[in-house]
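Based on the sequences and whatever the hints tell you, model everything.
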Amino acid sequence: MEPVIENESRELRKELESTRQKLRESEATLEAIRLGKVDALVVSGEPGKDQIRVILDMGSLGDSLFNQIAQPIFILDDGYRILRSNQPAQELCGFNPVGRLFPDTVPFHPTDEGEENDFKDLLGKWIAEGKHISGLGVYYDHPEWGTRFYLLDANPVTLSWEGVQGGIMTLMDITARKLSELRLAVKSDQLRHQFNLLKSVSDNIAEGLILVDVDRKIIFRNPAMLELLGVQEPDLLGRDLHEVFRVETEPEKEPFIAADPSHKTGQEFVTQVGKLMARDGRITPVQFSYYPVKDGEKVRGSIIVVSDNSERVASERQLRLSVEKQQQSQKMEAIGRLAGGVAHDFNNLLLAILGFTDLSLALIEQGTPIYENLVEVKKAGEKAAAITGQLLAYSRKQILAPTIRRVNDSIEDLRNMLGHLLGENISLQVDLSPDPLWVEVDQRKLQQVLVNLVLNARDAMPGGGKLFIRTGRLDIESNDVSGMVGEVLRETDEGMPPGSYAFIEIEDTGTGMSWAVLEHLFEPFFTTKEFGKGSGLGLSTAFGIIRQMGGHMQVFSQESRGSLFRVILQLRSRPAVAEDAPSMTPTDLHEGHGRFIMLVEDEEVVRRLLAKVLKDSGYLVIEAKNGEDALAKLPDQNTDLVLVVTDLLMDGMGGIELAERLKSLRPGVDILFMSGYTEDQHKLPLIGGESPNFMAKPFRPGDFLAKVHSIIEPSAHSARS
Amino acid sequence: MEQEISNTPQDPSPEGESGTFLLKLYVAGKTPRSVTAIQNLKKICEEHLKGRYQLEVIDLAHNPSQARTDKILAIPTLIRSLPIPIRRIIGDLSDKDQVLIGLNIENI
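From first to last, the protein sequence lines stand for chains A and B.
Following this note's numbering, the numbering of the first sequence begins with 491 at its first residue and continues without gaps.
Following this note's numbering, the numbering of the second sequence begins with 24 at its first residue and continues without gaps.
Hints in this document: simulated from the structure, not taken from any laboratory.
Be aware that a few hints might be false.
With a cut-off of at most 20 Å between alpha-carbon atoms, the simulated SDA-like pairs for lysine to any residue come out as follows [said to hold, decoys possible]:
(1) B:K53 / A:G526
(2) A:K668 / A:Y629
(3) A:K1115 / A:N838
(4) A:K868 / A:L851
(5) A:K539 / B:S88
(6) B:K94 / A:S508
(7) A:K512 / B:I102
(8) B:K94 / A:R510
(9) A:K765 / A:T739
(10) A:K869 / A:F846
(11) A:K512 / B:R103
(12) B:K65 / B:E79
(13) A:K1197 / A:Y1167
(14) A:K1197 / A:L1138
(15) B:K94 / A:Q511
(16) B:K94 / A:S534
So these bits of chain A aren't anywhere near chain B, every CB distance computed over 10 Å [as the list claims (entries may be wrong)]:
(17) G569
(18) K610
(19) D631
(20) S692
(21) L864
(22) Q937
(23) D949
(24) S1107
(25) D1119
(26) A1149
As the structure is a prediction and not an experimental result, all values here were calculated from the model.
Glycine included, every Cβ here is placed at the ideal spot set by N, Cα and C.
Structural data, given as structure tokens:
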């Protein structure tokens, strides 16, 4: 071998040996560190800035304890470098963090929001400033375990024997507790939300709500309940339900279930109606609903819901009143129809009785006993006719002659007469509206009504008293009658439509009327007077007349305090010229001149009478018992037929149909209709654009003849009158 | 802290005379292992190298940069500068046999 090569080889061998030696030394150093044979390390830095890091020696017992503790523990030097960490700490990091800087190794975050900066500041200073950190909430997003929550404790300690500072940091895993807290927080948030919802419901419902425990002590109440009880302050809580509720149950004396100690709580849902008295004395009709509150099978108390029934009670009362009114109205209507029907039939009979009596009287010499007898028959017949007339008035089937007048006029006209009617021990006080209130009335009929009412008032004050007559204006805005509830009131119909009215009041200070009397007040033949002293037709007639005039009547009465009758008439506008009632024209007999009149009437006795009257006056009469009969007996065109007198309602063809037929068969012939029902007049067809000729039964033969003659010879008739 | 312990009356030439030991013990303050290492080393030297060793204790706590001279990483570390080759022993030197082997004292 050449020397050069030998030298190089030697150098390389030496170098290799030196490297091996260094490697051995490094391994030995690491081994020594691993075995804990050293207690400080030299950390190289910039030249001149090398540092010595002391390794804490806890001895073998300390080491053993250190590793057995389940909580992660880190020991840091004053540069926040990790000097020691136990097994749990290494598991937390996922590696042995010794020599690394905290907190970069384990990036914790504060649990409380918004403290990140303070937190970093704190963790960077605690050792240098000697601060103790206790129970600081932190979390760490572990790459495998997910988010973990810890309480961090950190205490500065002296690590070496020459005052080198460091710190011990322990972490307590509270992840499980934290998660359950979070779940609880979410749940309590939901509960709070539900509670707020329920509270808002209970605060806003109209029903009073009260919750009591098993001893009936109040544990909850809502604002509506305080309102019902008239209590402002929250002093209901803890009090006994029985003390707080002043209740009157319906039916009376039934125990108030919710507060009755003998009543077993837990009984199923119960309702009860009654009255609740507030502290200020206000009484509210209420309904109590009572529900048990159960927790599983165990009864914890009960809920009482108190609903204000005022409106329901009021509307029920209103409904009852309205039904009663309707019934009353229907009853009056039925009675009216009955009375009208009876009067109609009677009129036919009276027409015959009075007619034949008149005819007979004309044949008999005055002063003879038969004449006198017939005069009595005639008087009785006329009285009977007056009664049927009143019945017709009640059933609103009179012929009215309405004119527009001031309502005060009818009172002024009556004034003198009233003095005589009332007598000395009754004082009259008249209070008339200063405004001219125009109404459309049949003046004479209205006076008849007022006289009736005044006489009634007089009879109610046998020992004397005061009579008030007032007139005025009444504006009705709605059909509401609630303002009158509570008074003893009888109205004559189902109520007045809204509008402007004039009223006449007749008030007395007499005996007044009971409800029972008021109920039948306007019925015909109803009287409280002794038998024979009153017909029982006065008020019913008055009522019928007012209704026929489109008016209304109200009565307010209280026993032993008097009565008030109020006639209410629709206001009219002032007429251009005040009208006068048409005057009746006296009638005379007229000559028939041998002309033909056809008489159509199904009631034989009436037909015979009228035929006789017409014949006696020189007319030739063709009698027929109904429309068909009349058409069959209709004479040819050459016969001088001047008039057809026909009843309206007959068995078979009636008067209206007959008139229709005659219009084409005998266009020039006049027709006179008759009927016992005055309202039938309105059913008649117009003839030549004018109102048809009509006579209401009963009538006197003279009036009949006058009417017939006025139709046949209108010019002659008007010339005579 | 720096101390020099010498029990060699002869000139301790840096080259190292045959049989003269030049030892440097690096410590850091009064950590337990440093203190133990000093005690152990003195005892071994008195027993096995009496009269032919020179000991220097170098405290790095006050001057860490001195560690660079002998490339010290851990404390305590004993360096045998002479006789060459340089030997280093890490730890508190409580295992006397290991120390003697490490310093190659048996061979002398």
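These are the hints, each one checked on the structure:
1. Distance restraint check for K53 of chain B and G526 of chain A: the Cα-Cα separation of roughly 17 Å lies within the 20 Å cut-off, and the hinted pair is therefore satisfied.
2. Annotation: proposed proximity of K668 of chain A to Y629 of chain A holds, straight-line Cα distance about 10 Å (limit 20 Å).
3. A distance of roughly 15 Å separates the Cα atoms of K1115 of chain A and N838 of chain A; the hinted pair therefore holds under the 20 Å criterion.
4. With a C-alpha separation of about 9 Å, the suggested pairing of K868 of chain A with L851 of chain A holds against the 20 Å cut-off.
5. The suggested pairing of K539 of chain A with S88 of chain B holds, with an alpha-carbon distance near 7 Å, which does not exceed 20 Å.
6. Between K94 of chain B and S508 of chain A, the direct Cα distance comes to roughly 15 Å. Compliance with the 20 Å bound is thereby established for this hinted pair.
7. A C-alpha spacing of about 13 Å is found between K512 of chain A and I102 of chain B, which places the hinted pair at or below 20 Å, so the restraint holds.
8. Only pairs whose Cα atoms come within 20 Å are accepted, and K94 of chain B paired with R510 of chain A is accepted, the gap being roughly 16 Å.
9. Of the supplied pair hints, the one linking K765 of chain A and T739 of chain A holds, its CA atoms being roughly 6 Å apart against a limit of 20 Å.
10. Proposed proximity of K869 of chain A and F846 of chain A is supported: the alpha carbons are some 13 Å apart, at most 20 Å.
11. Only pairs whose Cα atoms come within 20 Å are accepted, and K512 of chain A paired with R103 of chain B is accepted, the gap being roughly 14 Å.
12. In summary, the hint linking K65 of chain B to E79 of chain B is supported, as the alpha carbons are separated by about 11 Å, within the 20 Å threshold.
13. A C-alpha spacing of about 18 Å is found between K1197 of chain A and Y1167 of chain A, which places the hinted pair at or below 20 Å, so the restraint holds.
14. At roughly 17 Å between alpha-carbon atoms, K1197 of chain A and L1138 of chain A fall within 20 Å of each other, so this suggested pair holds.
15. Restraint check: the Cα-Cα separation between K94 of chain B and Q511 of chain A comes to about 14 Å, which is no more than 20 Å; the hinted pair holds.
16. Of the pairs offered as hints, the one joining K94 of chain B and S534 of chain A holds, with about 10 Å between alpha carbons and a cut-off of 20 Å not exceeded.
17. Its beta-carbon lying about 13 Å from the closest one in chain B, G569 of chain A satisfies the requirement of being farther than 10 Å from that chain.
18. With a least beta-carbon separation of about 29 Å from chain B, K610 of chain A lies farther than 10 Å from that chain, consistent with its non-interface assignment.
19. Once the 10 Å rule is applied to beta carbons, D631 of chain A is consistent with being away from chain B; the minimum gap is 35 Å.
20. Listed as outside the interface, S692 of chain A is consistent with that label: its C-beta sits roughly 74 Å from the nearest C-beta of chain B, beyond the 10 Å cut-off.
21. Residue-level check passed: L864 of chain A sits 164 Å from the nearest beta carbon of chain B, beyond 10 Å.
22. Separation of Q937 of chain A from chain B is adequate, the least Cβ-Cβ distance of about 138 Å exceeding the 10 Å criterion.
23. With a closest Cβ-Cβ approach of about 135 Å to chain B, D949 of chain A is found to remain outside the 10 Å limit, as its non-interface label requires.
24. Against the 10 Å criterion, S1107 of chain A stays outside the reach of chain B, whose nearest CB is about 165 Å from its own CB.
25. The non-interface label for D1119 of chain A is consistent with chain B: the shortest C-beta to C-beta separation is roughly 154 Å, beyond 10 Å.
26. Non-interface call for A1149 of chain A relative to chain B: holds, since the shortest CB-CB distance, roughly 145 Å, exceeds 10 Å.
Going through the hint list in order, the structure satisfies each hint without exception.
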